[in-house]
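Asks: Listed below are the residues making up each chain.
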Amino acid sequence: MKPEARYRPLLALYPRDFRQEYGDEMLGVLMADPRPGVAQTFDVVRGALAAHLRGLETGRSRAARVVQIFGAMLLFALGVRRVAGVAIRWATGADAGFVPHLPALDWARPVVWGVVLVAGVVGWRWLGAAGAAVGLAAEIVVPFQSYVNAPATVLYAYWIIVASAVVLAATLVAEGGGPMRPRGGWLVAAAGVLLVSQDTFMPYQVWSSGSAALHFAVQLIVMVVAAPALVVAALVRQEPEVRRRLLVWVAPVLITVPLVQWGFGGLIAFNMAHTDVTHYLGPLQWAALVLVPVATFVAVSALDRRVSAGRPRARRAVAVSRRRRPDK
Amino acid sequence: MNEPTFLILTALAGESRHGYAVIEDVEQMTGGRVRLRAGTLYAALDRLRGEGLIEVDREEVVQSRLRRYYRLTGAGEQSLQTETDRLRAQATIAEGRLRARRTNFGGATA
Numbered sequence: 001m002k003p004e005a006r007y008r009p010l011l012a013l014y015p016r017d018f019r020q021e022y023g024d025e026m027l028g029v030l031m032a033d034p035r036p037g038v039a040q041t042f043d044v045v046r047g048a049l050a051a052h053l054r055g056l057e058t059g060r061s062r063a064a065r066v067v068q069i070f071g072a073m074l075l076f077a078l079g080v081r082r083v084a085g086v087a088i089r090w091a092t093g094a095d096a097g098f099v100p101h102l103p104a105l106d107w108a109r110p111v112v113w114g115v116v117l118v119a120g121v122v123g124w125r126w127l128g129a130a131g132a133a134v135g136l137a138a139e140i141v142v143p144f145q146s147y148v149n150a151p152a153t154v155l156y157a158y159w160i161i162v163a164s165a166v167v168l169a170a171t172l173v174a175e176g177g178g179p180m181r182p183r184g185g186w187l188v189a190a191a192g193v194l195l196v197s198q199d200t201f202m203p204y205q206v207w208s209s210g211s212a213a214l215h216f217a218v219q220l221i222v223m224v225v226a227a228p229a230l231v232v233a234a235l236v237r238q239e240p241e242v243r244r245r246l247l248v249w250v251a252p253v254l255i256t257v258p259l260v261q262w263g264f265g266g267l268i269a270f271n272m273a274h275t276d277v278t279h280y281l282g283p284l285q286w287a288a289l290v291l292v293p294v295a296t297f298v299a300v301s302a303l304d305r306r307v308s309a310g311r312p313r314a315r316r317a318v319a320v321s322r323r324r325r326p327d328k
Numbered sequence: 329m330n331e332p333t334f335l336i337l338t339a340l341a342g343e344s345r346h347g348y349a350v351i352e353d354v355e356q357m358t359g360g361r362v363r364l365r366a367g368t369l370y371a372a373l374d375r376l377r378g379e380g381l382i383e384v385d386r387e388e389v390v391q392s393r394l395r396r397y398y399r400l401t402g403a404g405e406q407s408l409q410t411e412t413d414r415l416r417a418q419a420t421i422a423e424g425r426l427r428a429r430r431t432n433f434g435g436a437t438a
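Those protein sequences? They're chains A and B, same order as listed.
Heads up: the first sequence begins at 1 in the numbering used here, then just goes up one per residue.
Heads up: the second sequence begins at 329 in the numbering used here, then just goes up one per residue.
Honestly, the hints are just simulated from the structure, not real lab data.
A portion of the hints provided could be inaccurate.
To be verified - Covered stretches of chain A (chain B as the covering partner; in silico rule of three or more C-beta atoms under 8 Å from a C-beta of chain B):
1) 24 to 38
2) 41 to 51
Stated by the list, open to error - For each label pair, taking beta carbons as the anchor points, the in silico distance ranges come out as:
3) Glu-343(B) to Ala-287(A): 47 to 57 Å
4) Ala-417(B) to Leu-49(A): 30 to 40 Å
5) Ala-137(A) to Met-329(B): 31 to 41 Å
6) Leu-415(B) to Leu-127(A): 24 to 34 Å
7) Leu-13(A) to Met-329(B): 26 to 36 Å
8) Ala-417(B) to Gln-285(A): 51 to 61 Å
What the hints assert, rightly or not - Among the chain B residues that face chain A by a calculated CB cut under 10 Å, a handful are:
9) His-346
10) Tyr-348
11) Arg-365
12) Ala-366
13) Tyr-370
14) Ala-371
15) Leu-373
16) Leu-394
Cβ atoms here follow ideal geometry from the backbone N, Cα and C, with glycine treated the same way.
Work out the full structure: start from the sequences and follow the hints.
Replies: Here it is in structure tokens:
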């Protein structure tokens with residue numbers, strides 16, 4: 001078999017954009033190298049695998065660092081919101097007999113996400129990763145404590161669990177290189193302030209009077225309109241390449257909304273209608289909860305690579321001067 | 329910075345080179361100890377380009393095949409200088425301690 005015929009199938013293992021960029025060059029180098037054999041094959045296969053993994057994780061990249069900072073900022077705000085909500089009701093309802101219930105994990109979550117946020121801004125990757133791992137564990141443990149009595153608690157908190165997992169993954173692959181202040185950080189910070197203020201609108205008197213309409217109106221405006229709008233505005237301010245990659249990271253979190261709504265709406269409705277019988281999640285449903293966000297990430301990442309492959313790679317095009325020189 | 333990266337940047341510090349020329353230069357620099365393979369080389373080149381440490385200098389077609397020359401960028405030069413300083417500082421410490429060790433033990437080796 002000719003060397004070219006041997007190496008072409010191996011190069012086909014690489015992602016398409018990598019192959020388009022380097023395939024011809026690599027083939028030339030492989031054919032010039034007088035060391036054919038298993039080690040050469042192994043090296044090419046290993047390189048192809050690494051290129052795919054880099055594509056899936058979208059690189060040890062700037063986008064991942066932005067995900068870490070923005071994600072930790074929002075998770076920190078959600079953690080503070082829980083504490084602030086209890087605090088405001090305690091302050092306004094202590095005389096009326098309100099007894100605050102704030103388990104240690106509720107205190108721990110904002111602290112941990114605050115550490116992840118600071119680590120992301122300063123550039124301490126391992127502190128950030130350790131913090132994000134603890135944060136993810138806490139976000140999983142808290143809703144699971146109520147699973148036996150109210151399985152829907154896990155489903156309601158599911159997007160937060162996925163968001164925490166995304167922040168952990170991003171932290172592990174984020175670029176280093178010192179402090180970072182991402183564009184539009186103040187917009188995400190403003191979204192965080194809105195989230196925190198949402199529950200502090202609920203002094204004890206309003207909270208205990210069952211003014212559900214007011215509560216839901218505030219929740220709807222803040223959670224569905226205002227805070228997401230600020231986050232979208234921050235995403236729009238990113239560089240085009242970073243912005244596209246941010247969408248890859250956000251996709252697994254977004255998919256949890258229709259997944260829970262349409263995939264588990266029946267289970268939630270049944271449990272709400274039947275107080276005497278509780279339906280729990282089955283193995284396939286657990287598998288769907290784990291696999292759907294992962295598959296979404298992989299699919300959107302592949303789509304992003306495909307879109308990128310169709311465009312000139314900006315970073316590649318910068319300094320290519322096509323002066324011809326004699327062959328060496 | 330791992331050794332292949334350091335060696336690739338060093339190879340490109342001298343002049344712009346194409347992929348196979350980098351492999352040959354690295355082999356020559358290390359007295360044959362390190363001979364990069366294509367998979368390793370191009371994974372590193374792609375990463376270094378992404379980090380802005382190297383860039384494409386020019387392209388040419390040789391025997392109907394693309395040959396691309398890479399060169400060090402300003403950031404690459406700075407990164408290589410930083411790593412070189414770090415390695416030199418460590419080597420100086422190691423050398424000093426070895427010298428002191430030989431003095432303390434009257435030249436005897438353990």
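Asks: For each hint, tell me whether it holds in the structure or not.
Replies: Here's how the hints hold up against the structure:
no. : hint                                 : result
1   : 24 to 38                             : holds (count 10)
2   : 41 to 51                             : holds (count 8)
3   : Glu-343(B) to Ala-287(A): 47 to 57 Å : holds (56 Å)
4   : Ala-417(B) to Leu-49(A): 30 to 40 Å  : holds (36 Å)
5   : Ala-137(A) to Met-329(B): 31 to 41 Å : holds (33 Å)
6   : Leu-415(B) to Leu-127(A): 24 to 34 Å : holds (27 Å)
7   : Leu-13(A) to Met-329(B): 26 to 36 Å  : holds (27 Å)
8   : Ala-417(B) to Gln-285(A): 51 to 61 Å : holds (57 Å)
9   : His-346                              : holds (7 Å)
10  : Tyr-348                              : holds (5 Å)
11  : Arg-365                              : holds (4 Å)
12  : Ala-366                              : holds (5 Å)
13  : Tyr-370                              : holds (5 Å)
14  : Ala-371                              : holds (5 Å)
15  : Leu-373                              : holds (8 Å)
16  : Leu-394                              : holds (4 Å)
When held up to the earlier numbered hints, the structure conflicts with none and fits them all.
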